[in-house]
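**Q** Each chain is listed here by its residues.
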Amino acid sequence: MRGHASWRIWLVIAGLLLGLVLISGRLGQLQVSEHAEYAQRARLLRTADTLLPGRRGAILDANGAPLAMSVDSYNVMVEKRAWQDRSKALAAARQLTALAGGSPEAMVEQVLSSPAFETEVARGLDYERALAVRRLGLEGVRLVPDGRRIYPEGSLAAQLIGVVGRDGAGLSGLEADLDAVLRGHPGRMSWERDTSGQGMFWSGWQEVPASAGADVVLTIDRYLQRVVEQALDQAIKEHRARGGTVVVMDARTGAVLALASRPTFDLTSPNFQDPQQVALFRNPAVTDPYEPGSVFKVITTAAAIDSGVATPNTYWYDSGVAVVGNARIYNWDFSANGPQTVTQMLTKSLNTGAVWLAQRLGAQRFYDYVHRFGFGEPTGIGLGGEAAGQVRWPGDPQWSEMDLATNSFGQGISVTPIQMAAALAAIANEGKLMRPYVVKAIVTPEGVRETQPQVVRQAISPEAARTVLEMMGAVAEKIPSSLLNVPGYRVGGKTGTANLVANGTYKPDAYISSFAGIVPLDDPRLVVLVKIDEPQDVPWGTVVAAPVFAQVAREAMVYYRVPPAGLVAANPGR
Amino acid sequence: MAAVRERARARLPSLPTLRAELPLVLVVGAVAIGLAGLVSVQQFAGAASVSEEMSRLERQRAELQARNSELEAELSYLASLPRIEQEARGRLGMVRPKEFVYVQLEEGSPPEPKLPDRYRPQTAPSPPSHPRPWWQRLFSWLPLP
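Protein sequences, first through last, are from chains A and B. The first sequence runs contiguously to residue 574 in this note's numbering. The second sequence runs contiguously to residue 145 in this note's numbering.
Misleading hints may appear alongside valid ones.
[Stated by the list, open to error] For lysine to aspartate or glutamate, the following DMTMM-like pairs were computed, each having C-alpha atoms within a straight-line distance of at most 25 angstroms: (1) A:Lys440 x A:Asp85; (2) A:Lys237 x B:Glu85; (3) A:Lys80 x A:Glu109; (4) A:Lys507 x A:Asp333; (5) A:Lys348 x A:Glu534; (6) A:Lys440 x B:Glu72.
[As the list claims (entries may be wrong)] To give an idea of the chain B side of the interface with chain A (calculated C-beta under 10 angstroms), a few residues: (7) Glu58; (8) Leu75; (9) Ala79.
In short, the hints are calculated from the structure, not lab data. Note that the structure is a prediction, hence the values are computed from the model and not measured. Just so it is clear, CB atoms sit at the ideal spot from N, CA and C, and this is done for glycine as well.
Whole structure, please, built from the sequences with the hints as guidance.
**A** Below you can see the structure in the form of structure tokens.
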């Protein structure tokens with residue numbers, strides 16, 4: 001009997017021991033082998049964290065004035081469980097909408113219908129309004145710091161600057177191209193919280209500080225940009241044009257001082273829902289090629305002068321028609337001028353003369369110069385979506401002698417406004433083709449990284465460049481002062497009136513009027529390219545585009561304190 | 001042997017009996033534990049106070065940063081070209097060259113300048129007035145149609 005009882009006791013003890021072993025094993029599994037996972041779960045349960053946005057860098061003009069900058073803003077988040085009582089939720093929503101805008105009913109509905117634990121009900125609140133929200137002390141409502149992009153100069157240089165999305169990432173323009181530079185790195189703040197989700201003041205706060213993005217200093221000058229945009233708007237209005245582009249470039253360095261296109265969009269409140277407005281986000285100065293028309297005769301002339309096949313005073317006989325194969329090419333006014341010099345060819349903008357020069361050069365040499373001036377390839381300005389333009393080179397299957405003839409006066413070839421401005425800047429810069437650029441410097445806490453002007457190649461000799469400049473001066477002198485008047489300064493230029501190409505064919509009665517000018521001619525500082533799309537009253541570049549150049553040149557010479565010809569600057573600057 | 005034991009007993013102090021000293025030990029222990037607890041409470045309170053102060057300062061820093069950001073934005077708007085033009089035009093009355101401004105005056109036209117008679121426009125002479133006879137003036141007093 002005693003032995004039997006002992007056996008039972010031992011059985012109970014063994015059972016208890018087994019249970020103890022099992023429990024110990026499970027404890028060992030939970031606390032030793034799976035420790036890291038459960039510790040992480042526990043940490044997540046008792047800690048809360050929030051992202052601290054890294055402020056996006058500013059985009060500044062050449063003198064440091066902000067064109068786009070970020071300021072702190074706050075988004076309002078509401079916990080769904082705190083708004084389960086609809087009447088209380090509505091009362092809270094009324095207080096919130098009084099500060100953040102919107103309808104209280106819609107706000108409550110938004111929170112309650114959301115499957116998420118927490119819903120963003122308002123964003124982009126400024127400091128004062130955020131402070132007011134916090135003072136309300138509403139249950140389940142918290143503020144999340146964020147950043148808001150502001151534009152002190154309004155929509156100035158809208159296409160160049162570009163837009164950012166709701167998440168603060170750049171979507172177009174420089175905001176997209178330099179997103180990696182501008183974007184700040186977010187930080188993180190974490191703390192322990194109690195069961196109600198509130199932070200426990202005695203717990204440790206851990207903060208990984210955010211770092212701000214770099215500031216980008218542009219070559220764009222806000223004053224000149226404003227002058228250019230106003231002049232462009234005025235011309236478009238006056239001639240009821242569809243749009244236009246103006247590029248102002250420093251002839252010595254290739255720095256772009258102003259870059260404007262129309263139509264444009266409201267940078268301060270871009271509408272991402274409207275496809276027509278989204279289409280305006282691109283920068284036509286670099287993305288949209290066009291036929292340059294007679295402005296291209298300057299390139300043909302420069303090639304002829306540089307290669308020595310002609311001088312400004314070389315004569316040729318203008319019969320009014322150039323025969324190429326079975327085709328006949330006429331002058332724009334169907335005139336026949338008899339013996340003409342190359343300078344007269346340029347001043348009268350004779351197509352037949354340009355064809356004659358190109359034929360004297362020969363296809364190989366002509367296209368060599370086309371390449372030397374940078375056509376047919378992107379300039380490398382550093383803006384997204386830059387087009388190369390279209391040039392049919394000898395050897396291409398579709399190339400013919402007719403291409404040589406028409407290309408000589410700017411037809412059958414397409415260029416971007418920035419390419420054309422850069423090519424003319426090469427003539428103004430003693431034949432040196434500079435790489436255009438818009439970013440002057442990138443400023444980081446570590447230092448300033450400045451862009452250095454870069455010579456692409458010597459397109460023509462300095463002597464040839466000076467000769468062509470004088471010929472452009474002769475062209476400008478023939479334009480009536482009512483259309484081209486820059487008092488005190490000699491200017492050079494060339495007009496262009498090209499048919500508009502749409503879907504591979506010439507659009508009837510639709511023209512692109514342009515003028516490329518250099519000022520001052522004796523010591524070139526600026527190259528200004530003006531291109532007006534589809535003016536409705538007159539198509540001529542002389543009438544439509546040259547006055548825009550004159551207006552910009554007048555203001556720019558005063559602004560940059562360039563002394564008029566024959567005067568010495570008392571206080572040279574800028 | 002017994003003598004040795006007696007001598008040793010006389011030299012060694014007598015050991016306290018546990019039963020007699022127990023309350024004192026407990027009291028001392030309790031006081032020690034209490035003091036230790038107080039110290040830890042004091043340390044905890046101090047840490048909490050510092051933590052709260054840190055939290056307050058963090059908030060203050062965030063607010064100052066936000067305020068600074070607002071001021072930077074305001075400064076940029078104040079220095080922007082549209083605002084400068086607005087001030088130049090609105091407050092200082094400046095205009096662009098060759099730009100005409102038409103001012104609407106709320107006051108009436110100025111009084112006619114006092115010019116010598118020879119510069120005044122010539123007006124037709126009024127016909128000479130003849131005094132009416134007494135019987136006509138009498139009739140004007142009567143309520144006649």
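**Q** State for each hint whether it applies.
**A** Here's how the hints hold up against the structure:
1. A hinted pair counts as satisfied when its Cα atoms are at most 25 angstroms apart, and Lys440 of chain A with Asp85 of chain A does not qualify at roughly 57 angstroms.
2. Taking the CA atoms of Lys237 of chain A and Glu85 of chain B, the gap is near 22 angstroms; set against the 25 angstroms cutoff, the hint holds.
3. Under the criterion of a C-alpha separation no larger than 25 angstroms, the hint pairing Lys80 of chain A with Glu109 of chain A is consistent with the structure, at around 10 angstroms.
4. Of the supplied pair hints, the one linking Lys507 of chain A and Asp333 of chain A holds, its CA atoms being roughly 19 angstroms apart against a limit of 25 angstroms.
5. Straight-line distance between C-alpha atoms of Lys348 of chain A and Glu534 of chain A comes to about 23 angstroms, which keeps the hinted pair within the 25 angstroms bound.
6. In summary, the hint linking Lys440 of chain A to Glu72 of chain B is supported, as the alpha carbons are separated by about 23 angstroms, within the 25 angstroms threshold.
7. At a threshold of 10 angstroms, the smallest CB-CB gap from Glu58 of chain B to chain A is about 7 angstroms, leaving the interface hint in force.
8. Interface restraint check: Leu75 of chain B against chain A, minimum CB-CB distance 9 angstroms, threshold 10 angstroms, status holds.
9. Hint status for Ala79 of chain B relative to chain A: holds, with the closest Cβ pair at about 7 angstroms, below 10 angstroms.
Violation of the numbered hints given earlier is confined to hint 1; every other hint is satisfied by the structure.
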